[in-house]
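Colleague: Take a look at the letters that make up each chain.
Protein chains: 2
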Amino acid sequence: MASRRLVVVGGVAAGMSAASRARRVDPQLEIVVFERSGYVSYGSCGIPYFVGGLVERLEDLVVYTPQFFREKRRIDVHVSHEVTAIDPRSHRVQVRRLSDGETWEAGYDVLVLATGAYAVRPPVPGVERPGVFVMRLLEDGMAMRRRVEELKAPAADAGRPPRAVVVGAGPIGLEAAENLRRLGCEVAIVEVMPQVLPGYHPELARIVEQELRRNGVEVYTGEPVAGIEGQGEAGPATAVSTPSRTLPADLVLVATGVRPQVALARAAGIALGATGAVAVDDHLRTSVPDIFAAGDGVEAWHRVLERPVWIPLGTTSNKQGRIAGENAAGGDARFRGIVGTAALRVFDLEVARTGLTREEAEREPRWEAVEVHVRHGSRAHYYPGRGPIDAWLVGDRKSGRLLGAQMVGPAGSVAKRIDVLAVALSAGLPVEEVAELDLSYAPPFAPVWDVALIAAREWLKDAALGSVPHAG
Amino acid sequence: MASRRLVVVGGVAAGMSAASRARRVDPQLEIVVFERSGYVSYGSCGIPYFVGGLVERLEDLVVYTPQFFREKRRIDVHVSHEVTAIDPRSHRVQVRRLSDGETWEAGYDVLVLATGAYAVRPPVPGVERPGVFVMRLLEDGMAMRRRVEELKAPAADAGRPPRAVVVGAGPIGLEAAENLRRLGCEVAIVEVMPQVLPGYHPELARIVEQELRRNGVEVYTGEPVAGIEGQGEAGPATAVSTPSRTLPADLVLVATGVRPQVALARAAGIALGATGAVAVDDHLRTSVPDIFAAGDGVEAWHRVLERPVWIPLGTTSNKQGRIAGENAAGGDARFRGIVGTAALRVFDLEVARTGLTREEAEREPRWEAVEVHVRHGSRAHYYPGRGPIDAWLVGDRKSGRLLGAQMVGPAGSVAKRIDVLAVALSAGLPVEEVAELDLSYAPPFAPVWDVALIAAREWLKDAALGSVPHAG
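So the sequences go chain by chain: A and B. For the first sequence, the numbering used here assigns the number 462 to the initial residue and increments by one for each residue that follows. For the second sequence, the numbering used here assigns the number 462 to the initial residue and increments by one for each residue that follows.
Among the hints, a few may not be true.
DSBU-like, lysine-lysine: derived pairs with alpha carbons at most 30 Å apart [stated by the list, open to error]:
no., chain 1, residue 1, chain 2, residue 2
1, B, K922, B, K859
2, A, K922, B, K533
3, B, K859, A, K533
4, A, K613, A, K533
The set of hints was computed from the structure by calculation and includes no laboratory data. Since the structure is predicted, the reported quantities are computational estimates derived from the model, not experimental observations.
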C-alpha cells in the first residue's frame, strides 16, 4: 500500500506543530510542508526583541531548521514555496517555487491549512514608501533591524538619534516602541483610538501610557494617520502626518493589526466564519473533507462566549496545530477552545487579560455585566520592591459567574496571576469560589490576600471591610 | 437591650481578622481581644526578613496598632493579657495581665479562639541555653536581631563573622538561613531528615540544597541534633553537636516546626481533631456552643483529601479568621477549605507546592498515584534571563484527576504558576483539561507552552513528542 501524504500549507507555529504531531502519530505518513517565507518554526513573538537587540541572533528565534525537520523527523520542508491553489476534488495543490517562479502540482490525502495572518497596512498615502515596516515575518524584523543599524552607522549619523514613529498602540506596537527605545531611537506612537491598548480597560491604558511617557515615548491617541510623507512619490518616509501634527520619522512601523490570510481557503471553497477567519469544528476540520486548519488564520471556540472567535495568538496556534496534526494523521483529538488570555510587557510593567471586557460582556443579553476594580500590592506590604497591581474583574451579576479579568502591575507580577483567573474561567468558577482560592503566599512574591482574592471580595460587596488584609 | 460581647483569644492574623470582620457585620457588638504577646496584627511571615534587615523597622511588620483598633474600629485590644481558662457553662474567661499578674474574669456571649501555634524545641540537652532562639513571635525576631547586632558590634567582634546554626531545614529554617547570610553570618543548617524541605520532592530538595551551598550555607541532612553545648549548665550556646560533628555557634535558631496551641481549648472541653489541632465544622464552630476557632491552632478541610488536616499558614489563618468573625457576629459564612498551597523563596530560587505529594497520594487507597517530572524554561527559549523550572505533577491514574504539584525555578517564576494548578485542584479539573489551559504568554515571562501544560502533556504520555514546544 502506498503511503498517505499530508501536505501542510504554512510552516510557522501551527504548521510545524501539525507536521511534528502527525509524524509522531503516524510514522509511515509522508509529510510535506510548504512555507512561503524563508523560515519555518520560529518564534514570531520574539521579533520585537530581535529588533531591539535583546535577542542577538536571528537563529536564536528559530526553533528548528528545515534540515532538522528533514533529517530528524522525516518532514519534507520547503521554504520559499507558495501554495497558490488547492483543488479539493482532485486532492491536489498548486505550488510555486519563489526562487525561479516554477510551478507544479502535488497531491495530498489530507491537508492542514496554516497560512496564518498578515499585517494590515491602512490605506493612507505613502504607506508603501521605503522605510515603512510591518512586524510579522522574520524577514520584517531583519529589515527593520538593518534599517536602524544603517541609521546609527557613522556615515548616516545625523548627529541626533534616529526617529521612529509607530502607528498603532496594540501589543506589537508597544513592544516595538520599547525595543526601538532600547536601540536609542526617539519614538512616537500614534493611535487612532482614544487610548493605547484598545480592548483593555481605559484606566489600565492610562497607566500604560504613563509608563510609555516615563520611558521617553511620545504618545498621541485619538489621532488617525493622514499620510506618510517623503521625498516625491516613492521616496523614503520622512514623516507621519495626522490632522494635528507632523512627526518626523526616519522609520515608520505600521502595527495596526492583522487579518486572517484566507484567500487560498476562500478560492478552494473552504467556509469562513462570521469573523472572516477559517471556520473549523472542534476537531479542526474545515467545511471541506480532508482539510484541517489551525493557527492565526483560523477561528477558535471561546469557552466563555460559547461561540467561535478570531483571536490570533501563538499559544492558540501551537495548540491548534498539534490537534490538527493529530487528526490529520488519523487521530481523534478535540480542541476545547480558549478563554481569551493574553499578556505583554511594556517597559517595567506587565499587562494581562483573560475572558471578556465589560463592553464584551454587556453585548451579551444573557448576562448582566458587573465590573469591579481594586488596587493591591504585588508583595507583602513590608517587603521591598512592592508595587501596585490594578485588577479589574468582570462578571455576571445574576449568576455570580466570572467572565473576565484584566491586570497591570510591576514586571513579573501579573501574567501568571491572570492565569489563575483563566483557569477559574475555564472551570466556570463562581465568584464566591474565586474569593476563597488557596493561593500561594510568602512575603517576597505576594501579599497574604492576593489581588485576585481581594478583587473577588470587592465584587462580593464586602471588600472595603474590616479585615486585616496584610497580616500573615 | 444590653449589647452582646465577643471575646477573641489571640490577636495576630486569625484573631484580628475575626474581630475586624465581626465589627463590620455587627456595628453594635462589643468586641474584646486578649493577646498574650506585646503585639497584634503583624505579619509573622515577615519576621525572617526583619531579622535579616530587609525589613528595617519592626513597625513595618505591624499592620495596625491596638490604638488603631480601639479608635477606628471600636475593638478593645489588650496586649500582654493571657486568657488562662474558658468556662463554657458560665460563658466566662479568666484573664491575667502579664505586667502585674492580676487576674479577673470576663463574660462572653460568643468567643473566637485564635491561639495559634507555638514553636517546638526538641528535647535535647542545652536547648534552653541563652543564644538559642525560635522564630515565632515578633519578640523572637527582635531578640534574634539584637543578638546578631551584638555579635557584630565592635566590642564583641571576634575578628570573624558571627556563626549561626539553624536546626531544621523547613521553610522557616531556610528563610532564616538566607537572612542570616544577608547579615554576614556564617550559617550551617542541620536537618534530621535526609533532605532539606521535608514534604517536597527529594529532587526538588536537592536543587534547593545546591542553591543553599552556592550561597555559602553549610547543609547537613540526616543528622539529628544531639545537644547544644555551652559554658557550664546554663551558659550561652557555643556549639551544636550531632553524632557526626560539632558546629561552633554564636547563635542557634531552632526551627523544627510548630504545634497547635491547644491547652486552653482542651481544658475547656473543646474537641480536638485527629491531627491534634482544634476540630471545627465548615462554619468554624468548635464542639462547644458559642465558641468558634480559627488560625494556626485549628484544622482546615482539605478539598483534595476530603478530610480535616492541620497545615498552619498565614493565608488560611486570615481566611478562617474572617469567617469565624462573620459567624460569631451572627453571619452565615462557610469555609470551603484549602488545597495545601505553600511557597517560599530561597535565595534566587522560588519553591512552591499545592495538593498532595506522591507519598501522600499513595497513602489513599482510592487513588492509584502517578507522578511525572518535567523541566522547562521560565521564559521564551531566546529571551535573556531564562532559567529552568522543574515541575512535578501527581495524579490519579484511574480517573485522570490532578492531585498535586510542586515546582522549583528562578525567583518570581513558580509561586503563581503553582496557583494555576491550585485552582485546577479546587475545580477538580482532569489532566486533559490542564494540558489545554489557555495560559498567558509573551517572551519576557513565559514560553509558548507553559511548564504546567508540558507537565500535563507528559502525564498524557505523549510529551516527549514531536511537537514544537517553543515556536510562537
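Colleague: Take the hints in turn and mark each one as holding or not.
Modeller: Each hint tested on the structure:
1. K922/B x K859/B: holds, 14 Å
2. K922/A x K533/B: At roughly 21 Å apart (the allowed maximum being 30 Å), K533/B and K922/A satisfy the hint.
3. K859/B x K533/A: Violated, because 35 Å separates the two Cα atoms, which is more than 30 Å.
4. K613/A x K533/A: violated, 41 Å
Violation of the numbered hints given earlier is confined to hints 3, 4; the remaining hints are satisfied by the structure.
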